[in-house]
Each structure stands twice: as structure tokens, then as C-alpha cells.
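Engineer: Residues per chain are reported as follows:
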Amino acid sequence: MRILENTNFRFIDSRRKGYIISGILILLSLGSLAINGLEVGIDFKGGREFVIDSNEMYDVTAVRSVLSEALGTEPEVKAYDGDMLLVRVAGAEDVTTVQNAIISALEASFPETEPRVEGTYAVSPRFADDLKRGAIYSILGSLLVIFVYILLRFEWRFGLGAVAALFHDVTIVLGLFSILKGVLGFSLQIDQSIIAAFLTIVGYSLNDTVVVFDRIREYSGIFKSESYSAVVNKSINNTLSRTIVTSGTTLFVVTVLFIFGGEVLRGFAFALMVGVVIGTYSSIFVASPLVVELRKRAASTR
Amino acid sequence: MQGNGFKIFLTVFFLVLSGYYLYPSGQKYFLNQEMEAMSEDERQAFENENLVRIRSIDEKSLNLGLDLLGGMHVALEVRVDALVRELATDIDETFDDVLRAASETSNASTDGDFIQVFVDEFESRDGDARLSRYFRNEAAQITRRSTNAEVASYLQTEASEAVTRAMSIIRDRVDRYGVTEPSIQQQGSRRIIVELPGIDDPERIRGLLRGTARLEFRLMVDPAENVRSLQRLIDFYESATDSSDVADAAADTTFDVNELLSGDDGGSGNELLDAMQPTGQGVELGIVAEEDTAAVNELLSNPAVQDLLPRGVKYMYTSAPIGTTAEGLELYRLLGVRTEIELTGDVITDARVDFEQFTNVPEVSMTMNSEGARTWARVTGANVGKNVAIVLDGVVYSWPNVLQRITGGRSNITNLDSQEEAQDIVTVLKSGALPAPVEIVEESTVGPSLGAASISAGLNSVMFGLLLVALFMIVYYRSAGMVADLALILNLLFILGILAGFQATLTLPGIAGIVLTIGMAVDANVLIFERVREEMSTGKTLKASIDGGYAKALSAIFDANITTFFVGVILYSFGVGPIQGFAVTLMAGILSSMFTAIVFSRIIMDYMVIERKVGVSFG
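Chains as they are written, first to last, in my numbering: chain A, 4 to 305; chain B, 94 to 712.
Keep in mind that the hints were calculated from the coordinates and are not lab data.
Each hint should be verified, as a subset may be incorrect.
Straight-line alpha carbon distances no greater than 20 Å define the calculated SDA-like cross-link-like pairs of lysine to any residue that follow [unchecked claim]: (1) A:K48 <-> B:S537; (2) B:K645 <-> A:L243; (3) B:K153 <-> B:Q209; (4) A:K48 <-> B:I533; (5) A:K135 <-> B:V534; (6) B:K407 <-> B:A419; (7) B:K407 <-> B:F329; (8) B:K645 <-> B:V692; (9) A:K48 <-> B:V669; (10) A:K135 <-> B:I533; (11) B:K633 <-> A:K135.
Next comes chain A alone, as it looks inside the complex (with noise of 0.2 Å):
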């Protein structure tokens, strides 16, 4: 069986149309990040999180006027994984005494749902500015080594394409997940395995960036009299198929870890489905292209 093989689109003629497509998407992104801005989990905000058991169904809207009767503030409610109930409180209050508030707000409420607690998570505000720090110095650190490291593998030209190509991956995930924001029924806060995630989508996505650059370096040496960008264009469409076929069996997977993880792996895996995708559409259109406009640019001062 083969997919894709032996093809000879005009990847590197129709460059145009990808950039447009691309630039349409981050703008559309950035916007939304501006205007919307995103959701951020407790791990960098601080505050309490509370998961609720019981026999029947809540109704968020009423949950929600009854515990910010209780508490003081209102807090966030939503359904979580069929009849439980997430809860989340700003602030740093004692995590007893927040529990023990909600737990006879809802019965008293709703005493026939028998609310318990399953499980408790609570970040102070000391805390969740060490992991906002650690997950900065994550993504410096991932960004300085990941072009460091294509820097003495290729040169500095495809380290720029690489580095372009992984910004307009995360800038359009992000923008997704802020345009989003509140809609999908699962959490799309921002949190330690988002950015876990979204670290991995930046290695991955270098993967098939990498494949495609050690081509083009292959062919290059090889296909000496033709254009660069017939060089380019050439390795990409020899690389098709493997791309193809690698991304979508790691498509395949964390569309199963979506499907099948659990509702705390749930916004984790939509950023790597999303990733994926991206990840793939900028190696073959963003990545690639720049290192040709980048030789051409060079190769017209001459």
C-alpha cells in the first residue's frame, strides 16, 4: 500500500498561498489572544480546586448562585466527566474550609445528590509563581537549545526556517485554544501539561522539519544543476510520504489519548491533535519555503 508517493506538487511555486493561509491563521490568533486572551489553569494562578461526586446531575447555573452564596466569590463550575462536578476558587483560603463550605452549600442545597469529595487540588499564590517560572525557563530553554541544535546540524538559514516554522505553530495552537475558550466542553485552561504539551508539539514538530532539511542537504549535493527551489520542492515530495505517514499514526494515538484518556487528560491531548496537524502543515509550508526565500534573498545580493 502507498500513500503519497512518487508525487511532484508544486509545493515551492505555490509557496504564496501557503503564507496567506498562515498569515490569516496567526493573525486571526494573536487577535483572539489579544481580545480573549486565555484561560489560566491554578497551576500559575494559584487558588482551590475541588471535584465533586454524587448520585444524580447537578445544574451548573444553579450550582454556581448557590456556592457563591457560600463562598464569598463566585466560583468556576462546570461538569466534569458525567455526574461530578469541578470546582474551582481564586484565593488562598484554607483548603478545609473551603471543602467543608461547598460540601454543606450543595446539600444543603441539593440534598439528595449525597456530594463527596473526590479529590482536592490547591496551589498557593508562592507556589504558582515557582511553576510559572519553571514553565518560562521550560520554553527559553527548549527554544535556545532547539535552535542551538539545528544551528550546528544545518545552517543558520534552516535554523531560522525551523525556528519560524515552530512560532507559527505555537501562536496558532494558542490562538485556537483562546478562540475556543469556554466553548468545547472540556478544560482548556492553561496549565503545567499544556505547556508540557505544547513543549512536545515544538520537539515533534522539528522531527519532520528535521527529515525534510536532511533531504534537501542529501539532494543538494546530488541534483547539483537544478534550482534550489526545485531542490526543495523535489525533497519534499519524497519526504510526503513518510510526513503523511508519521503524523498520522501520532494523530492516531492522541486521538485515542482524547477519545480514552480521561477527562484530566482531555485538554492535553486536544493541543497535541492540534499540534500535530500544524506541526505538519508548517514543515512542508513554512519551514521549507523561508529557507528558499532566505537562499534567494542571499543568492540576489550576490
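Could you slot chain B onto chain A? The hints should help.
Structural biologist: Just chain B now, kept in the frame of chain A:
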């Protein structure tokens, strides 16, 4: 066999190694099956007999994270600022100011050395400031003449010792509570990470971990003085709402004028009476509802009223409420105790849960050492007919009337809610007082059903992921695909073996990492197989194509996987908790998938093509 000898050796070696490390996990599984089939008694007996064996199997088998097992994870931070304050004498406003400023600054940097920040802050305010003014310790040779640097290093030593002591105290408390396989580790210079699997009462644990267990025996306020003070206080706050006094109050900037002006629902106009029900009976000042306790504290700590209170007396609440109001608010007594501490928990040598003779109510009975017994005898002897307060962590548990001189060095803590409370107090008393307060900066508890849900979610994902990928490989690459699938299964074994070998913990994100690896592991095979197809299309023989394919794909495989590996390393270094589990499986998965794709599948291929002369199709 064609230079594959080394490759075969490697594969078998890793296989055996993985098997060795995973063996205890398998043992544990079967042991659990066995034990479940037994009756309760049989199981007890079995456990007692084989305790050592069971323990060692537990230790060596694969660790499951708390998000899968259920349990409680707590990050405690030793409040070094509180410790510094306690070590200091003759505290003045400057000291408190600097302390507060230093607290804020050092919070900005995680493992920030609080002591250094504190010293710097002091020196920045006044270059000539001598820390020795506040800190004296003969044993550590800190005197009036010590330099700031010497004091700083003394404080550092105290702080790190406090953290170490806190850790061992907490470990002791956790052991007494009775948790199976707890994990207590220090993180950084002042954090302690505690992991307790299978906890079902997080509230008790919080109390246990945080309780400083400061036990104090104090004499109490003279009832006559108490009544006089009460009247003076009432009068003060009565007149404080008078407009003429408000003007005076406004001139004094140390308290909030608006607070005085705004009464509680405009009650009686007297702020104190709004928050407290005065009784003035014996050592009791009044009765306060739970929500008003903070307000009363503020009113009493108002500098203007300090002179009105009896000298050498402070007011503390009782531990247990005496009742509830109609609205369900709990009421506490406010009692006057002397600031001077007669005896502390240091003298307690033993504590036990006892049951009161007639009512069977639980209480804690304590025994003192000889020195403590002597002091106790003196104190009780000199105060027959008066009350002595038994204070634990700043709250009065009981204040019995001394009937006679107590010589046996025995004493009780009564007025407890439940046997659990008594048990917990015994635990903290026996393990000792924490050298400095600890704060819970992060905690997470996972109930058993959440944990079980995560386990099944994880297993399902792995199963379906594996199935899907395996099927695809066979469909797309035919018999070569089957070889790749074999490599995939070996892969999983190796990953688990690595986890077990390094005593790493498998968390739900870790399982996600394994699922991801299944998808990414395919990549290496794909790279090789695509190359082989290419080689074959140029007309080479099967064997030559395989050779060429493996050779050429090598650099691409390496390049492709190394970046994801780097990300794994970074996530492991900066990540906290379950994310580290993800990073570990990611890294392990990459290493093992590279190995199985390059080494293992090559062996199989060569075997099939060369030895068995079977045509391997590449789809």
C-alpha cells in the same frame, strides 16, 4: 551471523535487564491476587509471616503515581521568617518591618535565601545596624560583639537544621498515623514534599502536618482584674464611638478610624459589644462567635487599650465551641492567660489516649519528666484553687481548677471532639514540636474512584493505541510491518523496565507519554522502510535494499528523535509532579524506540532474509 552477534547480545541483555527489574512488579501483582482470595485472618497471618518479603517486593516494584493510586500529595514550606522571628529577642517595629519586606522580596525568587535577603534588607536600611542586637545564643557563640556576617551564618545553620528536624518530625508523625509507603523528601532549601498513598481523611493529615504542637501550661488572669479590665474595655469602646473621641482617634494613625465608626449593623454602637458577649466570669472575658474572632482580636490588640488590660496577660480562645447560635454560628470562650509560660511540651515524656472514667469521653493523658514534674508540683502547689490553662498551638483546650498539689507529673488534655482528635494530639506530642511553622503551599488529593478511572483510562489508551498502530503497520508495510509491531511490543517492555530500574513513578501523564511513544516509535521504522522501498525501486536486491535503507535512515532517525529527547530533558528539569512522569516516559520511549527500530528490527529482518530466505515485503 553477519556481525549481528553484538546486536543480538545487546537486545538479549536489555531484555533480561528489563525482565529483572520488572519481575518484582509481576510478583506483587500475583501476590495481591493470592491475598485477595484469602480471608481477612489468613491475610493478616500471611502478612505477618512474610513482612520482610512483602516489603522488599513493594520497594522494588513499579511505583504508581498518586494520580493513579489515590492519595495525598503535599508540598510544605518551612516558614523561615517565622523561625527568624522566634530566634530573635527584644523585637521592635524596625525588626518587624524588615522581616515583612524581606518576606515579600524573597517570595519573588523561589528558593531565595530568606536569611540573606533579610540581612541585606537590614543593612540597606541602616548601614550600621547590628543584627546582634536581636540575636543572642551562647551555645552558638553569638554575642553582642558578633558581626552581621556571623549572625547571618548562625541563622542559616538554624534554618537548615530546622528544616531537617521538621522533616524527621513529620516523618515520625506520618509513621504514627499509619500510612503505607509514605514518601517524604526535601526539595530545595525549605520545602518538604510528602506523598501519602491511600489517604482517606485529608483534613486530619493537614492538621497533623501543620500542627506546631506547641504545648504550654500557663497560669491564668486574676478574676478580679479580669472583671475590672472588661469594664474598662467596654467603657473605652463605648466612648470611642463618641465624636469627640473620634477626633483624638483620628490623630492616632495606628488604627483605622473607619473601623471605629462603622459598627456592626449599628448594634449597640459599642464595637466591642457588637463582636463579643461580655461575661467577666472568672477568667473568662466573654463569648465570641467564630466569625467575630478576628474582629475581637483586632480590638484587643489596639495599642490604645493595652494599658487597660491586665499586665502580663493575653487573651486566647478555647479549642472547642461551647455551642452554636440560632444561625448556626459557633461560639467560643475568650479566656485570659498569663503571657509567662510555666511549662512547655519539652517536659512531656509520654502521651496516651485515655477514656474518662465515667463518661468514656476520650482524653489525652501526659506524663512529664522529673524536672517537669517538680515544676508542675511547684506551680500547682502555689496555685491551689486557681485555674491552670493547658494551651496547645495558641488555643486553650482546658483550664482545670487546681484541687491540690500534683506531684506525679501527670496531666490531661480534655474537651476533645473525638478519639481521632485525641490520637492526633498524642501523635504530635510524641513526635515533638515543629521548630518553625510549616505552611502547605501545594496539595492534591485523589480519591480512589478518580484514581481507578485514571488507571482504566490509561490502560484503554495504551491498548487501543497499540492496536490501531499495529494494524496500520501491517496494512501499510505488510510483513515488514509485523516486524515493526514486534519491535513495538518490545519497546513497551523496555520502557516499563527503565521506569522500574530507575525507581521512577508511573503517572497518568506518564502513560500518555507511553501512548505518544507508540505513535512516534513508528517513525523510526517508517524512515527505514521508506528508504528500503526507495532502494528497492532502484532495482537493488532485497538484502542490499535493506542494508542501504538502514544505513541511510540512521542520521535522519537520530536527528528527528534527539530534539524531542531534549524537550523531555527540559520538562524533567523544570517540571513538577506528574509532568516529570511524562518527561521520563517520553525520554525512555525515545531511547528504547530508537534501539528497537535500529537494532532489534534489523536482527529480525536479517534473520528472515538471510537465514530463512523469506521474502520480506515492504508493502
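Engineer: Take the hints in turn and mark each one as holding or not.
Structural biologist: Results of checking the hints against the structure:
At roughly 16 Å between alpha-carbon atoms, K48 of chain A and S537 of chain B fall within 20 Å of each other, so this suggested pair holds. Our distance criterion of 20 Å between C-alpha atoms is met by K645 of chain B and L243 of chain A, whose separation comes to about 17 Å. Only pairs whose Cα atoms come within 20 Å are accepted, and K153 of chain B paired with Q209 of chain B is rejected, the gap being roughly 41 Å. Of the supplied pair hints, the one linking K48 of chain A and I533 of chain B holds, its CA atoms being roughly 16 Å apart against a limit of 20 Å.
Restraint check: the Cα-Cα separation between K135 of chain A and V534 of chain B comes to about 14 Å, which is no more than 20 Å; the hinted pair holds. Of the pairs offered as hints, the one joining K407 of chain B and A419 of chain B is violated, with about 30 Å between alpha carbons and a cut-off of 20 Å exceeded. For the hint linking K407 of chain B to F329 of chain B, the alpha-carbon distance of about 18 Å falls within 20 Å, and the restraint holds. Distance hint between K645 of chain B and V692 of chain B is fulfilled; the C-alpha atoms sit about 14 Å from each other, no more than 20 Å.
For the hint pairing K48 of chain A with V669 of chain B, the CA-to-CA distance comes to about 15 Å; that is within 20 Å, so the pair holds. The straight-line distance between the Cα atoms of K135 of chain A and I533 of chain B is roughly 18 Å, inside the 20 Å bound, and the hint therefore holds. For the hint pairing K633 of chain B with K135 of chain A, the CA-to-CA distance comes to about 55 Å; that exceeds 20 Å, so the pair is violated.
Consistency note: the structure conflicts with the earlier hints numbered 3, 6 and 11.
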